[in-house]
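Sequences listed follow chains D and A, in order. Here our numbering is used: the first residue of the first sequence is 269, the next is one more, and so on. Here our numbering is used: the first residue of the second sequence is 596, the next is one more, and so on.
Honestly, the hints are just simulated from the structure, not real lab data. Positions of the beta carbon are idealized from the N, C-alpha and C atoms, including for glycine. Mixed in with the good hints there might be a few duds.
[As the list claims (entries may be wrong)] Partial list, derived from the structure: chain D residues whose beta carbon lies under 7 Å from chain A:
(1) N443
(2) S447
(3) I451
(4) F452
(5) G507
(6) Y511
(7) L512
(8) G530
(9) V533
(10) A608
[Claimed, not checked] Calculated pairs, SDA-like style, for lysine to any residue (alpha carbon to alpha carbon, straight line, at most 20 Å):
(11) A/K722 with D/L315
(12) D/K528 with A/W839
(13) D/K330 with A/V844
(14) D/K574 with D/V375
(15) A/K663 with D/P553
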Amino acid sequence: METLILQKDKLPKLIEKLSSSHVLYGPTEENGFSLFKQIKDFKELNLKYLLTRVSPKSLIFKQTETLFKFIPGRKGAVTSSKINEEKSIIFAIRPCDARSFKILDPVFNGDFEDPFYISKRKNTVLIGLTCNSPEKNCFCTSFDDSPGSTENVDILFTDLDDRFYVEVVTEKGKNLIKSIEDIFEKSTKNDEDSKRNIVTNSVESITRKMDLDSLALKLDKMFDHELWHNTAQKCIGCGICTYLCPTCHCFDMQDESTLKLGGRVRIWDSCMYEEYTHHASGHNPRPSRMNRVRNRVYHKFSYFPKNEDISACTGCGRCIDYCPVNIDIIDVIEKVGVIANE
Amino acid sequence: MVDQQLLIDEVKKVVSRDDVKYVIGYKKGTSGFAISPAFAYSTEYADKFIFNPLCKKNLAAYPLLEDKLPLKREEKEDKRKIGIVAKGCDTRALVQIIQEKGLKREDLVIIGIPCSGIIDHKKITAKFPNETAYSTIEEEQGFYKITINGKVHEIAKEELLADFCSSCIAPNPVIYDVLIGEEVEPWNLEEHKNLAVLEEKDVGERWEYWKEHFDRCIRCYACREACPLCYCKECMADLLNPQWIRRSVNLSENTAWNIMRAYHLAGRCVGCGECESVCPVNIPLMELNKEIEKDVKKMFEYSAGMDLEEKPLFGTFRPDDPEEFIM
Chain D
269 METLILQKDK LPKLIEKLSS SHVLYGPTEE NGFSLFKQIK DFKELNLKYL
319 LTRVSPKSLI FKQTETLFKF IPGRKGAVTS SKINEEKSII FAIRPCDARS
369 FKILDPVFNG DFEDPFYISK RKNTVLIGLT CNSPEKNCFC TSFDDSPGST
419 ENVDILFTDL DDRFYVEVVT EKGKNLIKSI EDIFEKSTKN DEDSKRNIVT
469 NSVESITRKM DLDSLALKLD KMFDHELWHN TAQKCIGCGI CTYLCPTCHC
519 FDMQDESTLK LGGRVRIWDS CMYEEYTHHA SGHNPRPSRM NRVRNRVYHK
569 FSYFPKNEDI SACTGCGRCI DYCPVNIDII DVIEKVGVIA NE
Chain A
596 MVDQQLLIDE VKKVVSRDDV KYVIGYKKGT SGFAISPAFA YSTEYADKFI
646 FNPLCKKNLA AYPLLEDKLP LKREEKEDKR KIGIVAKGCD TRALVQIIQE
696 KGLKREDLVI IGIPCSGIID HKKITAKFPN ETAYSTIEEE QGFYKITING
746 KVHEIAKEEL LADFCSSCIA PNPVIYDVLI GEEVEPWNLE EHKNLAVLEE
796 KDVGERWEYW KEHFDRCIRC YACREACPLC YCKECMADLL NPQWIRRSVN
846 LSENTAWNIM RAYHLAGRCV GCGECESVCP VNIPLMELNK EIEKDVKKMF
896 EYSAGMDLEE KPLFGTFRPD DPEEFIM
C-alpha cells in the first residue's frame, strides 16, 4: 500500500483540486452539528465533529430517488430516469460509515441490481478519516472494525496534528491521487508509527462493547420473550434510529403526480412506523410496537447476518445518541445475552 | 428539588392499588445524561424511579400509545387506570387530551411534580460531550450542581435551561391526584429567545430563515411521534388518497409538512418542547409553536390545557371572536 504525507497547509489546495474534478462531499457545520454536503471551498469543510448527524449512506442511497417519470391518463407515457454517472468523492468519511456500504452492497447489488445505487457506488471515491477521539457510544471494535481501518475506504487520512498520514488503499484511490501527486510528500516509518499509536489510543478509549457471540442463535430462542414487549413499551415509534442509521435501507415507492406529469419516487421508509408494510387488505403483519422493535433488532442481528454473513450494524452509536427514550441497542443485546444464559 | 424518596413512596402506593395497571415515570438511562421512561408494574420496580432536571420527556404521550390489540376469545379488556408522573406541562397535555376526549380523567392517577424548569439535553451534551455517566444533578439557587466522577460542576441555570421553559406558564401541575413536595413559585415569563428577533424581520428574511431550517428536515416525523397532542389515528401526512403531502423530501414538501404540523397544534400546543428536543436536525420548531401560541392568546385569550372544564379552542364559538382573517 502506498503511503504519503499531506501537510495541513496543503488541505485547501487538495479540496480545490478535488472539487474541481469531482463532486466533492464533506462534513459541513449545520446549526450545532455536521452534515455531509457538497463543498467547493475549503472553508465549508468542518472536521470538528466525529460523525455527521445523518450518515453518508444518504449520498449513495438517496432519501428521495425518482425512478421514472410518467404522463398520466390515456396518452400516458413513461420516461426512464437518467442514471447519474457523475464522479464524486466522499471526503472524511469515518471507517464505521464506510463499512456501511459493505453492508448495503448485497442489498442493492445482490439478487436485485439497483442501477441508481450501483452507479453512485461505482463512481464515488471514499476518502476516510481516522477517528482520533471516539465518542461515548462508539462501539465499532465490537464488529472487528477499527477507528483507523483501511478496509472499506479507497484512501485513508489520519490526522497527525500538523499533517495527514495518507494511505492509498485501492486502485480507485491510486487513480485519484495520481493526478494530484505533487501536493503530497513521502511518508516515513515515523509517520506510520504515529498512526499506529493514534489508533491504539482510540481503540483503548472505546468503552462500550456489544457481545456478538452466537447472537443469531440466541435470538432464535427468544422470539416470544417478554423482553421485546418491555423494550418496546417506551418506544414512541419516531423513526430517528432508522433514519440516522448508516445501514437501515428500507424504502417505499410512491407515485406522485399532478394531472399532467408524475413520477415514481423511492423514499426511505422506517420499520418503526405503524403503516410500514401495512397491507392493502388492512392486515398489518407487525401491528404493535413490540413487533416492530423486535423486527428491527432481528433484522440487524439475526436475519441479515444469516443471509449475508454480516451484522447490519456498524457500531456508530447514532441510534443510542439520538433515541429520545433511551432504547440502547447495546443494552438490549446485553439483555439478550443474560436471558440466553439463564 | 423533588424528594426522591417521597416520589418512590407515592409511586409504590399508587402501583399497589388494585385499580392501577402500572405507573409511568423516569429512571436513569444507560449512558451519558440519558433518562429512560420507566413502567412500574410492581413496588420493587418503583425503587428505580427518579426525578431530576434531566427528566424532560413528556410522558403524557404514553397512555395513548398503548397497543389496542384485538382481544382473544373470552379475554377481557384491562380497564385499570394508568399512573403517570407529570410535570406542569405534562399535566397541561393531559388536560388538553381529556378536553378533546382522547383520554378520560378517571382512567389516570396523576402524580404531580412541581417543576422549576428542565435541562436541554442538547445543551448539556454539548457541554460534556464525552461523559459516560453522572452521579447526581441538583438545582440550587440559580445553579445546577452536577457531580461527575466525584467532581462537582456548578453551572448557571440559564446556561442549560431549555429555552421553552423560560416562557412556561404552568411550572406546577394543573391537575393531580398527589403532589410530590411543595409548589414552586412561578417565574418572570420571557418570550422564546428568537421570537422577537424574528418578528422584527421582514417576510423575505423570515422566509430565508425558515427555508434554511426546513431544507434540512429529513421527515422522520419524530416531532409528530414525540408530541403528546399528535395522536390522530391516521395522520394527514400518511394519507395516500388523496395525498396531501408527498413523501419526496424537498424544500416544498418539507415546508408543507412543518407548517401543517404547527397549524394542527394551534390552540392545542402546551409548550412542552418535545418536538424541538427530539428533532435530529435541530429545527427550532418551538419558535413556530410559540408564535402561534402568542396569536391564540392575543386573539382568544386562551391557553391550551389549563382547565379541565374548558372546551378546546376550536370546539367553541363566541360571537365576539375576531374574524379579520375570514375572507
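Violating hint indices (sorted, rising): 1, 2, 3, 4, 8 and 10
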